[in-house]
Amino acid sequence: MKNTITRLVLMALPLISFISAQPDFPSAPNQAPIGGLGLLAAAGGAMALKKFRDKKKK
Amino acid sequence: MNFSFIKESLRPSPLTRFLMVAGVIYGLWYLVYDYYLLPDGRLDEFLSLSGVNLAGGLLNLFGWEIYSDTRILAVTGTSGVEIQNGCNGLELIGLYMGFIIAYPGGPIQKRVAFLAGGIILLFFANVFRIMIFALSIYYVPTFWEQVHTYSSYFIFYPIVLTLWYLWTSISDQEIPLFLSGYSSTS
Numbered sequence: 017m018k019n020t021i022t023r024l025v026l027m028a029l030p031l032i033s034f035i036s037a038q039p040d041f042p043s044a045p046n047q048a049p050i051g052g053l054g055l056l057a058a059a060g061g062a063m064a065l066k067k068f069r070d071k072k073k074k
Numbered sequence: 004m005n006f007s008f009i010k011e012s013l014r015p016s017p018l019t020r021f022l023m024v025a026g027v028i029y030g031l032w033y034l035v036y037d038y039y040l041l042p043d044g045r046l047d048e049f050l051s052l053s054g055v056n057l058a059g060g061l062l063n064l065f066g067w068e069i070y071s072d073t074r075i076l077a078v079t080g081t082s083g084v085e086i087q088n089g090c091n092g093l094e095l096i097g098l099y100m101g102f103i104i105a106y107p108g109g110p111i112q113k114r115v116a117f118l119a120g121g122i123i124l125l126f127f128a129n130v131f132r133i134m135i136f137a138l139s140i141y142y143v144p145t146f147w148e149q150v151h152t153y154s155s156y157f158i159f160y161p162i163v164l165t166l167w168y169l170w171t172s173i174s175d176q177e178i179p180l181f182l183s184g185y186s187s188t189s
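Each protein sequence line maps, in turn, to chains L and F. Its first residue numbered 17, the first sequence is counted upward by one per residue in this note's numbering. Its first residue numbered 4, the second sequence is counted upward by one per residue in this note's numbering.
With the rest of the complex left out, here is chain F (with noise of 0.2 Å):
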């Protein structure tokens, strides 16, 4: 007996497989960071310590008096902002991967280039989040709720749409029919 329809109507569609590839994907992310990334301490710790150090160097290029204290920055005078894990973009970096290792297509360089390059600039989109945050505290102190609620939206959500815009159309010019889940007869 001939099941190959069976097999073809078991297939999931190609969306459904950029879901259960991207479900797994973060799953996996999640349970590495909750277990080891976390507990260990010692990436969050890069993320935020280097971000607070070099947010705190431009903003003293440019000429504001700041201080910082390991994981704290601020303009002299105010209490200043904290990066702890969970503000240092890690998260964010996670899910801006698993969209990229799901979607399918592209030559794998491309896809190293894409990860490695959005990753780098997430992290300087981050130092300048803190810079934001110091220089609001110290001018608008009262604001601090809506420029903390708000900034991911302005300055991460245009950043990893549009990587991830680019993404999906550098993977359809050169995703092979094969791997598309389309038929060329359709």
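Chain L on its own, in the form it takes in the complex (with noise of 0.2 Å):
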């Protein structure tokens, strides 16, 4: 049950930015939003897992 949740809340972090992503902007001049924030929330994800795993482990 446990890990059930874990995997569910780990999947659905990086569906944070997405669901709240900000419409676009006129085209010119050049845009330059930050992309890949939910890549960078499932690598944190990812560090926490790790880390909790071999503290575990100790």
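Treat the hints loosely; a few may be bogus.
Using 30 Å as the maximum straight-line C-alpha spacing, the simulated DSSO-like pairs for lysine-lysine come out as follows [claimed, not checked]:
| id | chain 1 | residue 1 | chain 2 | residue 2 |
| --- | --- | --- | --- | --- |
| 1 | F | K113 | L | K74 |
| 2 | F | K113 | L | K73 |
| 3 | L | K67 | F | K113 |
| 4 | L | K66 | F | K113 |
| 5 | L | K72 | F | K113 |
| 6 | L | K71 | F | K113 |
What the hints contain is simulated information worked out from the structure, not anything from laboratory work.
Assembling the complex is the task here: the two chains are given apart, and the hints tell you how they should meet.
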């Protein structure tokens, strides 16, 4: 049960940035939004997962 | 009757607790951002304008002829780049803060120092990114899409992941056992 909750939360975390994505802006001049934040959040979750697992092994 | 075994089985693991706290923090952050900070606009405006001004000042200092108009920065002769809301790093700062606040352990002073230092570092990383954009539009305009798409991965990812890793290492060294969620006899 705990593992299922953990997996669901882990999968849902990157979606936050998609859900609250802001609308596009006019085209000129060039716009430069910061992309890939969902991936960064997932990487953070994976890092925490590894840290907690390592701690549990000790 | 002793219900401690039920209490024990319902207690979330440290990872679940971390993910739940992080999820709540991100949720609150986006609510605050969407319903207060974005409509208010002052924080976004401050980050965008100060980023553009600093990036323009530095480019000027290094000898490039630039022009900037509020949120727009350009090397003279190009269309330039516009730092709108969503381009100024505020969302990234929220993400960074969520992890640092949610990960257990570490003294409060170090946590606050890590938060403040990280936010300042990310702000200057975004200034550097704006400079790269202005220069790329001038020197390699055909690669704008690539520069703009992949800049986050090369500039922000290493900084944020390194800071998160450092914070987990510091926290793990100083975490009291009762907060770690693990038994000393395991």
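Consistency of the hints with the structure:
| no. | hint | result |
| --- | --- | --- |
| 1 | F/K113 / L/K74 | holds (25 Å) |
| 2 | F/K113 / L/K73 | holds (26 Å) |
| 3 | L/K67 / F/K113 | holds (19 Å) |
| 4 | L/K66 / F/K113 | holds (22 Å) |
| 5 | L/K72 / F/K113 | holds (24 Å) |
| 6 | L/K71 / F/K113 | holds (21 Å) |
Of the numbered hints stated above, none is contradicted by the structure.
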